[in-house]
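Chemist: From first to last, the protein sequence lines are chains L and V. Those letters in the first sequence? Residues 0 to 305, per numbering that gives the first Met the number 0, in order. Those letters in the second sequence? Residues 0 to 407, per numbering that gives the first Met the number 0, in order.
Keep in mind that the hints were calculated from the coordinates and are not lab data. It is possible that some hints are incorrect.
[Stated by the list, open to error] Counterexamples of contact, computed for chain L against chain V with all Cβ distances above 10 Å:
#	residue
1	S29
2	I31
3	V94
4	A98
5	R229
6	K252
[As the list claims (entries may be wrong)] Pairwise CB distance ranges, derived in the manner of DEER restraints:
#	chain 1	residue 1	chain 2	residue 2	range
7	L	Y38	V	N238	32 to 40 Å
8	V	E352	L	M55	52 to 60 Å
9	V	E334	L	S53	17 to 25 Å
10	L	N20	V	N238	22 to 30 Å
We put the CB at the ideal spot given by N, CA and C, even for glycine.
The residues making up each chain are set out below.
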Amino acid sequence: MKFPKKSNKSVSYQVDQSWHNLRDSNVQSSRIITFASVYRRIRPYLKWAMVSLSCMAVFFYLKDFVFDGIASEQSMNANNSGSYVKRVLFDTNGVLDEAWLSDVIQINRNMKLMDINIFELKHSLESFDQVLEAKVIRIFPDALRVELNEEVPMFKLKMQSSEGVNFLRCVGRTGVVYDGMGYTEAYLEQLPYLIPYRHLNQKYLPINGLDYVAPLINLLKEEGLTERIRLQSISLENFSGDTDFPGQIIELKSDLIPRILFGAYDDYPEQVARLNYILSYINGSGNPEVERVDLSLRDSAAVECK
Amino acid sequence: MGHSKIVGAIEIGTSKIAIIIGEISSGTSLNIIGNYSVQSSGVKKGVIEDLQATGQIVHNAIVQAENEAGTEIEEIYLAHTGQHLAGVFNLGTTNVGAPNGVITKADVEKAKEDARRPQLPEGRSFIHYIQNPFSVDGVKVENPIHMQGKRLQVGFWAIHADNKILQDSLRVIMGIPLVVEDVIVSSIASGNALLQDSEKKAGALVIDIGGGTTDFALYKDGYVVYTGVIPVGGDHISNDLSLGLRTSVQLADSLKLREGLATHAKQNSDASTWLVGNQSIGDRKIPLISVNKIVESRIKELFELIREELEDAKLYNPSEIGTGAVLTGGTSRIEGIEFIAEKVFDLKCIKGESSWNIAKDLNVPEYSTTLGLLLFALGVFEEKQSKNTNNLLGNLFSKFFPKQFKLP
Numbered sequence: 000m001k002f003p004k005k006s007n008k009s010v011s012y013q014v015d016q017s018w019h020n021l022r023d024s025n026v027q028s029s030r031i032i033t034f035a036s037v038y039r040r041i042r043p044y045l046k047w048a049m050v051s052l053s054c055m056a057v058f059f060y061l062k063d064f065v066f067d068g069i070a071s072e073q074s075m076n077a078n079n080s081g082s083y084v085k086r087v088l089f090d091t092n093g094v095l096d097e098a099w100l101s102d103v104i105q106i107n108r109n110m111k112l113m114d115i116n117i118f119e120l121k122h123s124l125e126s127f128d129q130v131l132e133a134k135v136i137r138i139f140p141d142a143l144r145v146e147l148n149e150e151v152p153m154f155k156l157k158m159q160s161s162e163g164v165n166f167l168r169c170v171g172r173t174g175v176v177y178d179g180m181g182y183t184e185a186y187l188e189q190l191p192y193l194i195p196y197r198h199l200n201q202k203y204l205p206i207n208g209l210d211y212v213a214p215l216i217n218l219l220k221e222e223g224l225t226e227r228i229r230l231q232s233i234s235l236e237n238f239s240g241d242t243d244f245p246g247q248i249i250e251l252k253s254d255l256i257p258r259i260l261f262g263a264y265d266d267y268p269e270q271v272a273r274l275n276y277i278l279s280y281i282n283g284s285g286n287p288e289v290e291r292v293d294l295s296l297r298d299s300a301a302v303e304c305k
Numbered sequence: 000m001g002h003s004k005i006v007g008a009i010e011i012g013t014s015k016i017a018i019i020i021g022e023i024s025s026g027t028s029l030n031i032i033g034n035y036s037v038q039s040s041g042v043k044k045g046v047i048e049d050l051q052a053t054g055q056i057v058h059n060a061i062v063q064a065e066n067e068a069g070t071e072i073e074e075i076y077l078a079h080t081g082q083h084l085a086g087v088f089n090l091g092t093t094n095v096g097a098p099n100g101v102i103t104k105a106d107v108e109k110a111k112e113d114a115r116r117p118q119l120p121e122g123r124s125f126i127h128y129i130q131n132p133f134s135v136d137g138v139k140v141e142n143p144i145h146m147q148g149k150r151l152q153v154g155f156w157a158i159h160a161d162n163k164i165l166q167d168s169l170r171v172i173m174g175i176p177l178v179v180e181d182v183i184v185s186s187i188a189s190g191n192a193l194l195q196d197s198e199k200k201a202g203a204l205v206i207d208i209g210g211g212t213t214d215f216a217l218y219k220d221g222y223v224v225y226t227g228v229i230p231v232g233g234d235h236i237s238n239d240l241s242l243g244l245r246t247s248v249q250l251a252d253s254l255k256l257r258e259g260l261a262t263h264a265k266q267n268s269d270a271s272t273w274l275v276g277n278q279s280i281g282d283r284k285i286p287l288i289s290v291n292k293i294v295e296s297r298i299k300e301l302f303e304l305i306r307e308e309l310e311d312a313k314l315y316n317p318s319e320i321g322t323g324a325v326l327t328g329g330t331s332r333i334e335g336i337e338f339i340a341e342k343v344f345d346l347k348c349i350k351g352e353s354s355w356n357i358a359k360d361l362n363v364p365e366y367s368t369t370l371g372l373l374l375f376a377l378g379v380f381e382e383k384q385s386k387n388t389n390n391l392l393g394n395l396f397s398k399f400f401p402k403q404f405k406l407p
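Turn these sequences into a full structure, and let the hints guide you.
Modeler: Quick look at the structure:
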């Protein structure tokens, strides 16, 4: 706003005995200090301090969370990719051991962790029939973890090579036939033999329907009947694996009773209970020699003595 | 291109502390950019009695005003009042030196020097030294140089203050810390805001009725010829009302502002008002005539005191005060106060209002002193600028015409 010029004839006196002398003399040292005056004095510095703090906050944020984050990630990658495998941690729910693992996968201390193709390793491990599932995990900075889920053998299968050499194979509950590495002879000894179903192409493999057989065997084991009858083998000659077909028979051969026939139905507990009863009856009847027990008759069971 | 300056103007009054911040730019333009007003504390009759309490409020007010303005004050002007202020008229006389009687600059300086000769007693300092018109052989003149005469006289109206009281005000302001650029007596500051130069020339009596004191300044021929401070203000009216109506000073003060009428002549004798105003418990009806009788008599007494002082100084002549009396300050809000002043002073009286186009909340009597301070600062700024311009022209002149070069 423009104000018209005004004459200041009320001149401020600035010579002798002027109030200016008071201002310039001892007033400075005895001035009144209050909180507001201190605040006003430091206010410019506070502003700068606030600005500096904000800048510092932004700087450290960028440094710690942006640039350093990127750098550390890069360096971590660089470090990790640069670090060599020092340990292989192995874990399995079966019998395979580190010796087997070292034969299967070739990992040495000259290999860098990031250079290992864990997917390839997984596939190569899972290519073994004994291994149902394999997990291969990098444990930074320098370890590789291998976890296996192994097949549990239900049966053993006697096979013969083209050269006429007999050899044993294990059969898992899914019907897979595999070498069965790592099992002790005693363990293999107690496994019953499997006489597999002969397919239309006259071949035994693949073995179908073991997922129906396995529950039966497990139930017998639970009841202690496999030891009682001294189970020798399971014959699937009359069991194609397809329960929709009529007359599907699972035949057990044992020392006590040469032939025990189970129907491939869903009434295993009843059939096992009948077997249990029959065995008790036989035992109570002076252990007569029994040739065959047929439990596949649904509502009844047939016992054929010698 | 002229630079700008942030200037503050502060009045530490008995009832309130007012501060205005202005930006003086390009030498002639003043923008008011912030203001703040707060109830005072620790001040009695214009004199600071509790430095810490007053300092606290003053400093807070300055910070608040600065916050509103969004900038910091660079220099501050302080309005000062109090009964400790005193004025003295010093007359300087010299005989014209030249044989032909033509007055020269040296004669003028000699007369001024003579006027400045009187010394103040210990413990007092001059605030203003206001030059009055020259007179050549008893005839008043504006500028005596080149005139002929035998005797040259010049008078100065000098206002001086008690060092300790003035120092206290300075200590409060300088604590913030701000350097007080100048101290101006409140009545002169108010006159600066309310009067045009032509009104000053016609003669005017400015009366600033504050809470604790009443400041007045008499202008004649455009010059301040007398200033005074009466230790009576609006608080005294409130105090008398509280005694007369047997109520608290706060209630009496609000009643004064709400219902106060400086003349009871036109008052209906049956009219009454409520003491508190909200008819709450304890509120009671009071005849308005008794309120206004108290108000009128106190104001009349106040004006009579001013008139007596001016008469004692032999300066009271209504015919020389053409503009009349101009009333300002918070207490001048009382309705009808100008009619009492007219009666007492035998002058035309008006309530002062700044003629500048400023914000409505600033164009009130409470801010006239601080507004006057800012206008004073503007004048100082203009003078400094014109001096600088003159120096610049002088430097340019001396560059083209060096000293050894003799002008024809």
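Chemist: Assuming the hint says 17 to 25 Å, is it satisfied by the Cβ distance from V/E334 to L/S53 or not?
Modeler: Given range 17 to 25 Å: violated, Cβ gap about 55 Å.
Chemist: Can we trust that L/A98 is non-interface, i.e. its beta-carbon lies farther than 10 Å from all of chain V?
Modeler: Per Cβ check, L/A98 is outside 10 Å of chain V; nearest 82 Å; holds.
Chemist: Determine whether the Cβ-Cβ distance between L/N20 and V/N238 falls within the hinted range of 22 to 30 Å.
Modeler: violated (38 Å)
Chemist: Minimum C-beta separation from L/R229 to chain V exceeding 10 Å: can you confirm that?
Modeler: Holds, because the least Cβ-Cβ distance between L/R229 and chain V comes to about 102 Å, which exceeds 10 Å.
Chemist: Is the claim that L/V94 lies outside the interface with chain V correct, judged by CB distances over 10 Å?
Modeler: holds (82 Å)
Chemist: According to the definition I'm using, a residue is off the interface if its beta carbon is farther than 10 Å from all beta carbons of the partner; does L/I31 meet that for chain V?
Modeler: At about 4 Å from chain V, L/I31 fails to clear the 10 Å cut-off, so the statement is violated.
Chemist: According to the definition I'm using, a residue is off the interface if its beta carbon is farther than 10 Å from all beta carbons of the partner; does L/K252 meet that for chain V?
Modeler: Answer for L/K252: holds, closest chain V Cβ roughly 103 Å.
Chemist: Per the hint of 32 to 40 Å, is the separation of the Cβ atoms of L/Y38 and V/N238 within bounds?
Modeler: holds (36 Å)
Chemist: Return holds or violated for the Cβ distance of V/E352 and L/M55 against the range 52 to 60 Å.
Modeler: Since the Cβ atoms of V/E352 and L/M55 sit about 54 Å apart, the hinted range of 52 to 60 Å holds.
Chemist: Per the stated criterion, does the least C-beta distance between L/S29 and chain V lie above 10 Å, as a non-interface residue requires?
Modeler: violated (6 Å)
The earlier numbered hints that this structure contradicts are 1, 2, 9 and 10.
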